[in-house]
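Which chain is which? The protein sequence lines are A and B, in order. Residue numbering for the first sequence is 1 to 586, as defined by our numbering. Residue numbering for the second sequence is 1 to 79, as defined by our numbering.
Everything labelled a hint here was simulated from the structure, so no lab data went into it. Any given hint might turn out to be false.
Stated by the list, open to error - Quick look at which bits of chain B chain A covers, simulated, 3 or more residues with Cβ under 8 angstroms:
1. 11-21
2. 24-36
3. 54-62
Since we're looking at a predicted model, the values are computed, not measured. We put the beta carbon where it would ideally sit given N, CA and C, even for glycine.
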Amino acid sequence: MFVINPLELTALLKLARQPCPGAAPVMRAAVLADTASQLLAGSLRGYARHLGFKLELFEGEFDQIEMAVFDPASTLHMFRPETVIIYLAAEKMGVKFGTYSVKERGALASEFASRVRGLHQTLSTQGYQTLFFNLADPGDGVFGNYGNKVAWSFQNQIRLCNLELARLAEEASDCHVFDLAALQSAQGRNALFDPKLYFTAKFALTPGILPLVAREVVKMLTARKGSFLKCVILDLDNTLWGGVVADDGLDRIQIGELGLGPAFTAFQSWLKQLRDRGIVLAVCSKNDEANAREPFMRHPDMVLQLEDIAVFKANWQDKATNIREIKSIIDIDYGAMMFLDDNPAERHLVRESFPTMTVPELPEDPSEYVSYLIGLNPFETASYTAKDARRTNEYQVEAKRHAEREKFVDLNDFLRSLEMRALVQPFLPFNFPRVAQLTQRSNQFNLRTVRYTEKQVETLANSAAHVTLAFELKDRFGDNGLISVVILEILGETFFVDTWLMSCRVLGRGVEQFVLNTIVERAREHGIKRVTGEYLPTTKNGMVKDHYSKLGFAPEAANRWVLEAASYTGWPINIVWEKVEEEASA
Amino acid sequence: MSDNLWNGLTTVFREALDNDSLTLTEGTTAKEVEGWDSITHVLIVVAVEKKFRVKFTAGEIQRLQNVGEFAALIRSKQV
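Start from the sequences, fold in the hints, and give me the full structure.
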C-alpha cells in the first residue's frame, strides 16, 4: 500500500511512541548523522508504524559516524541493523569550506567520495545495506553563476559529490541514495532549511519537511521488504487521451497536437517509461473493445502501443469485475496496484472494492496529471533488472493462455493442449538468486513461509541433509521460468518438507501433483520411506491449508500430514519431464 | 494576558510535548516541564511561529526559557 498524503510531524511523533501490533513485519535500521537527528528518527519510526511496519531504530550519537562504523565493538555493530542510514549535511560542509585552501576546496568531492566509500565498504562487510542522503545544495553567493565555470566552487563540488554517490550506488547493490537534492528542487530551499534552527539546535532539516523525508526513506526501506507498486491500471477516454473515442471519433480525440493533446502525449510518454522499467500496464475501460483498441492501432500520435499493455479489458462490465479478471491473469496483489481514472465515481468504486489499492485523486486538469503523479513518487523500488522490462510480455502470453482456456470445455483437454514441459533441477549457482527471491516474495502458495537469503540457499544446496528442487515450466505459449521451489530435510527415513512454494500464475495446471510425484521419486532414490508436510498459517496463505490432504497425505498431528512412499501410486499429469544436460558434479 | 494567546500557547505546548493535561503559568520554566528539551523546544518555536504568525530570531530562541517570556515576546511581535 502506498500513502498519498504525508502526515504532520507531531502526528508522526505521536505514532512513533505507540506500540506496534505484534504481527507487524520488523525492519531494523540505524540513523547516523552529523547534525541533530532525533526528529528524523522519530518521523521514520512514525511513518513505518503508519505503514504497518515495526521499525527498530538505532540512533547514533551526534556527529560520531566514523566512530560508530569503524569501531567493530561499537553499539551500532552490536545492534546489527539491516540498513544504516547516513545523513551528511551539505550545510556542515559549507561552513568548513571557507577554512580550506583553494587546492583543498577543489578536492572536496574526491575527499567525500573516499569518505562514503570507506563507510560503505565497512558496512557492506558486515552485511548491512547503506542508505546515504545526497547533498542539498545550500547555494553560495561567492561566484554567482560564474561558479559553474570554476572547478573548486562550492556548487560544483556539491554536485560532484552527488555524482560520486550515484556512481557508488550504481556499482554496489547494497548502497542506496535518498535524493535529498531532488526533494529540495521540488520543495524549495526554504522548505528544507531554516538557518536559525540550524545555528541554534543543529537541525539541517525543518520540522515541516521531515514528514516528506520520512515518507521517502521509509518507502525505500519497505520496498526492500517487497512492498512496492508493480502495476498501473488505466482508463482510456479522458485519461490516456482527451475526449471519448466512440463519440468524438478517432481523428477528434486529443493526443499529439490537437487541443490538450500535448498533455496526454506527455502522460503516455511517462507511462511508457514506467512500462520499460517493469511496471505492468493494464487497460480497464468501459467501451466496445474495437473502439477502445482503434487509437492504439491507428492513431499516429499514440505513444503507448498495444504491445505495451499486458492486459486489455474494454467491455461494459463494472470495473471491479474487470480488475478481478486482470488480477487473475497477472497475479499481483491489489496492494501493489495503482488505478488511474479521470472519473471520481469509478475511483470511488475501485477504492471501496479494493481498500489496499492505490487510487490517486487525479487532478481535474489533465495537464497536471504527470506533475501530480511525479510529486507522489509512487514507484519507489529496491531493485531493477533487465528482466523486469520483459514482464509485460510474460503477462501478454498469460492472457493468451486465459483466452485459450475459455475455448475448452474439458480441463484435461486444455492442459494437454498447453504442451507443458517441466525442468527439475537442484539448487545451482545460476538459480540461487531466483530461488532466494521466490522464498522472499511468495506469500500465498507457500506452506511454511520460510524466507531464505542467497547465501542460505547456497548452504542448503551444499547440505548433505537436504534435497533441493527447483521447477521451471515451459508450455507452447512461452517460458514461465522458475515456478516452484521445494526443500526437503532428511530426518532418518523421513523427508520433512521444509519449504514448498509455487507461483500462483501456474495454479490449476497440475503442477502440485507433478511436484509431489517428483518428491516421491526422490524419496525412493534416497531410500526414504515417508514424506511429512506441515502447514504454518499466515494471514496470506489460507489457499494451501488443505494442500496436503488434497494430495492424499494422511493427517498426523495438528497442521501436519504424512505420506507413505511405498503406497503412493502417482498422480496423472499433463506435464512431461524435460531432460537437462547433466551437470558435471563437483 | 489575553485568553486567546494563553489558550493558543497551551495548545502548542500540549501538542509538542504530547501531554493533554499540561497546565502552564507565566513562570513555568523549561526545567520544570517533563519533555521540554532542546528538541521539543524547536518544535514549540516552529509551532508558535506558525500559529501566531510571528518570527523569532536565533538569539530569541536561545534566550527563551519560560512560558512568560514566550507570551511577552509573541505580544511584542504582534501588531
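8 angstroms C-beta test of the stretch 24-36 of chain B against chain A, three or more residues: Coverage by chain A is violated for the stretch 24-36 of chain B (0 residues, Cβ < 8 angstroms).
Assertion that chain A covers the stretch 54-62 of chain B - criterion: three or more residues, beta-carbon distance below 8 angstroms: It holds: at least three residues are needed, and the stretch 54-62 of chain B offers 5 whose Cβ sits within less than 8 angstroms of chain A.
Taking 8 angstroms as the Cβ threshold, is the statement that the stretch 11-21 of chain B is covered by chain A upheld or broken by the three-residue rule? Contact hint for the stretch 11-21 of chain B vs chain A: holds, 3 residues under 8 angstroms.
Checked against the numbered hints given earlier, this structure breaks only hint 2.
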